[in-house]
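A.B. asks: So the chains spell out like this:
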Amino acid sequence: MLSDQLKQIRSQNRISSRTVLNYLFHDFVAIHGDRVLGDDAALTGGVALFNDQPVTVLAVNRGHNAVQRQHFNGGMVSVSGYCKALRLIKAAQRFNRPVISLIDMPGADASAYSEHHGQSQAIAEMLAEMGELSSPNMAIFLGEGHSGGALAFANTNRIIMLENALFSVASPEAVAAIVNTDTDINEYLPMTATALKRIGLVDDVVREGPKVLENIERAVAKQLSALNQLNEQELINQRQKKYLKVLEAGRE
Amino acid sequence: MSQQPTRGTWTKCPHCGGHVNQLEWGEYCQCPHCHQYLRLTAQQRLKITVDTNSFVPLEFQRKTNSQLQVPGYAEKLTENQQRTKLKEAVLAGQATINGVSLMIGVMDSHFMMGTLNTEVGRVIRVLYTTAKQRKLPLIMFIASGGARMQEGIFSLLQMNTILMAKREFDATKQVSISVLTDPTMGGVSASFAFKNDLVIAEKNAQIGFAGQRVIKATSADKLPANFQTAEDLLQHGLVDDVVAREHLRGYLATLLKLHQRG
Ligand SMILES: [Zn+2]
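Protein chains in written order, with our numbering: chain A, 1 to 252; chain B, 1001 to 1262.
Please keep in mind that the hints were generated in silico from the structure rather than gathered at the bench.
For every residue, glycine included, the Cβ atom is placed at its ideal position computed from N, Cα and C.
Careful, some of the hints might be misleading.
[To be verified] Subject to a maximum C-alpha distance of 30 Å in a straight line, what follows is the list of computed DSBU-like cross-link-like pairs (lysine-lysine):
| no. | chain 1 | residue 1 | chain 2 | residue 2 |
| --- | --- | --- | --- | --- |
| 1 | B | K1135 | B | K1257 |
| 2 | A | K241 | B | K1087 |
| 3 | B | K1132 | A | K90 |
| 4 | A | K222 | A | K242 |
| 5 | B | K1132 | A | K245 |
| 6 | B | K1012 | B | K1085 |
| 7 | B | K1257 | A | K241 |
| 8 | B | K1076 | A | K245 |
| 9 | B | K1047 | B | K1173 |
[Stated by the list, open to error] Covered stretches of chain B, going by a simulated chain A footprint (3 or more residues, C-beta under 8 Å):
| no. | region |
| --- | --- |
| 10 | 1069-1076 |
| 11 | 1079-1085 |
| 12 | 1158-1171 |
| 13 | 1184-1192 |
| 14 | 1221-1233 |
With the sequences and hints as input, model every part of the structure.
C.D. replies: Following this line, the structure appears as structure tokens:
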């Protein structure tokens, strides 16, 4: 059931991006601020080593308890967070570093502040920059990730999802509110890891349970080593073809 | 919202409530009392924008996504097609403005609120690709509530794939212009709408990422009266300019002239 799955991935005990960041990477150096508006707590960004390779990390923080969730805005990244991410992606491009995002967010921040400082523009810029990146990029969905706000972090060569994670056009609540019909249309939309793997959007579904961290590490190592074999143009082409193929599949 | 009055009839202005005769709306569909606009259909928009009879539509073989089985959606599409006489929520083609050739895309909010789905996304990608091949500038009239929920993730993935097509268009050094009309929201706003070289807003248009209902539900921010209007965005430095509907054609003609390449 979708409601059970939502309850599970939104629970206080759900694995956090901070836990995954600490396990996967070492020598992590956080890079703060977007240089104009401030420093969005919902997004931790920085550079670290994965095995021996320097990578750029974009980790969305949701928080375990109510206090943390308020501090992190429940993982809803604001315009400042997207601008910070953009800055980090540009640096990754310059130093030819892979970008790895850890996603756990219901959507982008919805506030007058973000609107007045160009939330649409910031998400569009990040989407474009991720698509044009000539180094590898990869997204790992830990919990949920919805709307263009999550897609900005997932316009990537590879998408890895934990087996209970969700990725949809909008949060299931928003979908149900917008399309107000008797039947819940969420039941008909592919958003689970297995459904998205079936349509070719997700590359790897990671088993949860006690070994989840090891399993994530193995998946990242496998996907990254494959991407490290591709040159700059091949990476851009692979990303583009992957998404177009998903869109063409099933059309007649 | 979506008035398309028949001859000689009276309609109520959705903005001020005044009674307006069909003839009084005029070709700009402007209320004679409060001077606000009605939303235009794609055909009405083309008529006041491009040179008479210059529009040549791009032809598409319609495809459907058999993976989508949302109950009632197919019927909804048919109903919208019959009512609007459009195949989908966008018209695209080549035209001229004051004799200058361009590719033009016009979204129509009367077709499922102009929402972005697989087909609309494909048309917009082809629009960029064709503009690149024909080495023409590109103007897009945006009118969209965002991504179409009924096509789920497939709607969402239009946002990044359209930007990929745009990237190739950009190599031509031709100009791309967005005209944000009422409404420009969500996944359309946060993708190609704000990524074209110039971003112009039509006077009084509602433009934003998140809807006001969502903002009120998730944040404590107090919303000013003109929140997410074209004028509000101009004040915050988010659009290049705000232009009244009756001046748009001349304004666009000037922009095209300024960006003409020998
Ligand atoms: Zn009026």
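A.B. asks: The structure should be examined with respect to each hint, and the outcome stated for every one.
C.D. replies: Right, here's what the structure says about each hint:
no.: 1; hint: K1135/B - K1257/B; result: 15 Å, holds
no.: 2; hint: K241/A - K1087/B; result: 26 Å, holds
no.: 3; hint: K1132/B - K90/A; result: 26 Å, holds
no.: 4; hint: K222/A - K242/A; result: 18 Å, holds
no.: 5; hint: K1132/B - K245/A; result: 22 Å, holds
no.: 6; hint: K1012/B - K1085/B; result: 24 Å, holds
no.: 7; hint: K1257/B - K241/A; result: 36 Å, violated
no.: 8; hint: K1076/B - K245/A; result: 27 Å, holds
no.: 9; hint: K1047/B - K1173/B; result: 28 Å, holds
no.: 10; hint: 1069-1076; result: holds (count 4)
no.: 11; hint: 1079-1085; result: violated (count 0)
no.: 12; hint: 1158-1171; result: holds (count 8)
no.: 13; hint: 1184-1192; result: holds (count 6)
no.: 14; hint: 1221-1233; result: holds (count 7)
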